[in-house]
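Trainee: Put together the whole structure using the sequences plus the hints.
Its first residue numbered 1, the first sequence is counted upward by one per residue in our numbering.
Just so you know, not all the hints are guaranteed correct.
Claimed, not checked - Under the rule of at most 16 Å between Cα atoms (straight-line distance), these lysine to aspartate or glutamate pairs were calculated in the EDC-like manner:
| no. | residue 1 | residue 2 |
| --- | --- | --- |
| 1 | K239 | D185 |
| 2 | K195 | E170 |
| 3 | K239 | E191 |
| 4 | K60 | D39 |
| 5 | K235 | E48 |
| 6 | K78 | D39 |
| 7 | K239 | D20 |
| 8 | K195 | E241 |
| 9 | K195 | D157 |
| 10 | K115 | E170 |
| 11 | K60 | D40 |
| 12 | K60 | D85 |
| 13 | K195 | D124 |
| 14 | K41 | D28 |
| 15 | K115 | D85 |
Source of the hints: derived by calculation from the structure; they are not laboratory data.
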Amino acid sequence: MQFATWNVNSLSVRLPQVLDWLALNPVDVLVLQETKLTDDKFPQAAIEAAGYAVQFFGQKTYNGVALLSRNAAQDVVKNIPGFDDAQARVIAGTVDGVRTIGCYFPNGQAPDSDKFVYKLGWLDALAAWLKAELQAHPQLLLMGDFNIAPDDRDVYDPIGMEGQIHCTTEERAHFQGLVGLGLVDAFRLFEQPAKSWSWWDYRNLAFRRNQGLRIDHILVSAALRPRVQACHIDKLPRKHERPSDHAPVVVTLT
DNA sequence: ATGACTCCCAGTGGGAGA
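Mentor: And the structure:
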């Protein structure tokens, strides 16, 4: 089976691309971030017509997440239980026995900003919840737009971006905290091309120059790790004439 | 280089993203 994550940067703009991508890549599960749609405007019928059940949780202008699956998700959770959050960032469900958590991590804007404080608090809450989720659901996937580049090899200019947002010591420590819960970065289980990114700035001809960051991730639990066969970033949608700034990440399980 | 692009809500500009 295949599970994928994609930050679409507005589902109303990108819906045709999502449907085209699913036709070419008939994954079992796809989580979306930055749908930027209130639930009353979510294109549920079009997604169901493509053969997917869908759970969604959004808001106007910002954030918004969705969980698409061939088989319906069970025990759906929206946002982090017990963490009071005005922003729609998390959707979780159990699909084919795999606890699937789709997340749009806060951006954080700048290390000296209030948004960075919010990001760190959100990361604390996520880790505490995940610890309990892993106890309840050993077979677990955490995937989405983490807005964290875990390592210098995930950054096109690690010197220039040292200490900048996505690359700070605090953010990277939180990423390692998730690893400490027993999760592993599926992409790094395999040999990968150098300069593999999942996001490229719209500006500066960044995609053509391959200047980007790897900030979209799929983490798998220890119990699921033996089933992981492959993981890759699909750059093709980024070549579309009106692309999202992020590319999908796909993991293959037995 | 306090830039660059895209989206959104707004409303003929500005915030946010990363």
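Trainee: Give a verdict on every hint.
Mentor: Now for the hints, and whether the structure bears them out:
1. K239 with D185: The given pair, whose Cα atoms are some 25 Å apart, is violated under the 16 Å limit.
2. K195 with E170: 23 Å, violated
3. K239 with E191: 24 Å, violated
4. K60 with D39: 9 Å, holds
5. K235 with E48: The given pair, whose Cα atoms are some 25 Å apart, is violated under the 16 Å limit.
6. K78 with D39: 13 Å, holds
7. K239 with D20: At roughly 14 Å apart (the allowed maximum being 16 Å), D20 and K239 satisfy the hint.
8. K195 with E241: 23 Å, violated
9. K195 with D157: OK: K195 and D157 at ~10 Å, within 16 Å.
10. K115 with E170: 14 Å, holds
11. K60 with D40: 10 Å, holds
12. K60 with D85: 15 Å, holds
13. K195 with D124: Outside the cut-off at roughly 30 Å; violated.
14. K41 with D28: The hint is violated at about 24 Å.
15. K115 with D85: Holds, because 13 Å separates the two Cα atoms, which is no more than 16 Å.
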